[in-house]
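Protein sequences, first through last, are from chains A and B. First residue of the first sequence? That's 1 in the numbering used here, and the numbers climb one at a time after it. First residue of the second sequence? That's 204 in the numbering used here, and the numbers climb one at a time after it.
It is possible that some hints are incorrect.
[To be verified] Selected chain A positions facing chain B (in silico; Cβ < 10 Å):
id, residue
1, F21
2, N71
3, L170
4, L175
[Stated by the list, open to error] So these bits of chain B aren't anywhere near chain A, every CB distance computed over 10 Å:
id, residue
5, V223
6, P230
7, L235
8, D247
9, P261
10, A265
11, I299
12, A305
13, S316
Quick caveat, the hints were computed from the structure, so don't treat them as lab data. Since the structure is predicted, the reported quantities are computational estimates derived from the model, not experimental observations. Beta carbons: idealized from backbone N, C-alpha and C, even for Gly.
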Amino acid sequence: MPKAELRQFLLFVFALLVPCFALWSFLGATLITPVIGLAHLILSNWFPDIVTAVYQQGADALLMTRFDQVNGQLVAIDSADAGLGFSINTRIVSYSIPFYASLHFATARTGYLASFCWGLLLLYPFILLGLVSICLKDLMVNFGPRFLEQPGVAVPGADTIGIAYQLSVLIVPTLLPVMVWAWQNRDTALLRGLQATGAARGS
Amino acid sequence: MLVFLAVLVGLFTLEMQTSVQQALIEPFTGVLASISASLILPFDDSVIAYGKILQFGPGGFAVSIEAGCNGVEATIVLIAAVLAFPAPWRARLIAIALGFLAVQAMNILRIISLFYLGNWNLDVFTWVHLYLWPALIMLDVLIVFIVYLRYLGRRAEAGPDAKS
Chain A
1 MPKAELRQFL
11 LFVFALLVPC
21 FALWSFLGAT
31 LITPVIGLAH
41 LILSNWFPDI
51 VTAVYQQGAD
61 ALLMTRFDQV
71 NGQLVAIDSA
81 DAGLGFSINT
91 RIVSYSIPFY
101 ASLHFATART
111 GYLASFCWGL
121 LLLYPFILLG
131 LVSICLKDLM
141 VNFGPRFLEQ
151 PGVAVPGADT
161 IGIAYQLSVL
171 IVPTLLPVMV
181 WAWQNRDTAL
191 LRGLQATGAA
201 RGS
Chain B
204 MLVFLAVLVG
214 LFTLEMQTSV
224 QQALIEPFTG
234 VLASISASLI
244 LPFDDSVIAY
254 GKILQFGPGG
264 FAVSIEAGCN
274 GVEATIVLIA
284 AVLAFPAPWR
294 ARLIAIALGF
304 LAVQAMNILR
314 IISLFYLGNW
324 NLDVFTWVHL
334 YLWPALIMLD
344 VLIVFIVYLR
354 YLGRRAEAGP
364 DAKS
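Just need the whole structure built from these sequences, with the hints factored in.
This is the structure in structure tokens:
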């Protein structure tokens with residue numbers, strides 16, 4: 001990999017990082033709408049006795065449940081809109097988008113826009129998984145056994161939910177954009193040299 | 204890719220164990236706080252430091268450096284990437300050691316910058332803390348890994364004697 005390619009890439013990444021994050025902050029609510037809609041479908045069908053809906057409130061998601069708190073005790077309620085709700089910051093999983101955009105547009109390549117859209121399509125399922133794992137964590141922490149031990153419903157174990165949540169928040173939003181970027185740009189001058197290095201080491 | 208994912212998930216799961224957190228991660232996080240404090244205190248006598256906490260005088264803005272703010276996850280990603288890539292063990296160990304130092308140097312810069320940003324504007328602090336700095340730390344990991352691969356390439360070009 002020529003030195004100039006790497007230097008140019010790093011310069012452009014740092015130059016693009018703040019504008020991309022600023023644009024994402026501005027568009028945050030729009031970008032997350034499909035994810036919240038899908039999270040609603042998944043969670044309200046997976047846990048119909050617990051989750052009533054996942055609403056959008058700006059860039060946040062509001063997880064509404066069929067429980068309320070009366071005298072410190074959890075009680076099931078009938079009204080769909082009156083239960084306990086948990087506000088979730090979706091940006092902690094969706095900031096993979098501006099990070100990926102910075103990496104993508106900083107790389108000298110052809111066909112920027114189409115590959116960027118494909119990249120987004122790869123990121124979105126993981127943003128959805130991240131949001132679902134945050135919802136599962138909130139339900140587990142707030143409802144405990146009433147959530148984890150629902151009769152006739154397959155609920156992941158507490159450890160699985162914990163690890164999935166931590167992975168989704170701490171690692172995936174930063175690692176996945178790098179992996180998608182590296183895969184999409186494997187034939188560019190920037191990364192071709194690294195592939196040659198890998199082949200040399202592997203032989 | 205399978206080795207990378209296996210090492211990544213394995214080390215991350217290990218890190219999340221309560222015993223590992225208590226024996227290793229929390230003391231390490233305390234050391235990071237001490238290093239950050241020792242870098243700030245000579246230049247700013249308005250700052251006080253105790254345990255994992257940095258504070259602007261009594262009652263002033265304070266940050267507590269917690270697990271998740273210690274660069275361990277970024278180091279785990281680097282270790283998984285280095286181990287997944289074919290290379291001599293000596294080169295791998297040196298890359299992990301130097302990469303760890305590079306990540307932690309960046310992380311200390313992050314802690315200090317967030318401390319001052321938080322004292323200035325809490326909204327900016329939240330934005331930079333939650334979104335911008337994690338991306339920068341991962342960029343640091345990517346740069347370390349690219350530099351490591353370039354080093355391996357130069358060794359390979361230098362001939363078989365340089366490989367051992």
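Against the structure, the hints come out as follows:
{"no.": "1", "hint": "F21", "verdict": "6 Å, holds"}
{"no.": "2", "hint": "N71", "verdict": "33 Å, violated"}
{"no.": "3", "hint": "L170", "verdict": "5 Å, holds"}
{"no.": "4", "hint": "L175", "verdict": "6 Å, holds"}
{"no.": "5", "hint": "V223", "verdict": "13 Å, holds"}
{"no.": "6", "hint": "P230", "verdict": "19 Å, holds"}
{"no.": "7", "hint": "L235", "verdict": "16 Å, holds"}
{"no.": "8", "hint": "D247", "verdict": "26 Å, holds"}
{"no.": "9", "hint": "P261", "verdict": "31 Å, holds"}
{"no.": "10", "hint": "A265", "verdict": "22 Å, holds"}
{"no.": "11", "hint": "I299", "verdict": "16 Å, holds"}
{"no.": "12", "hint": "A305", "verdict": "14 Å, holds"}
{"no.": "13", "hint": "S316", "verdict": "14 Å, holds"}
The structure fails hint 2 only (numbered hints given earlier).
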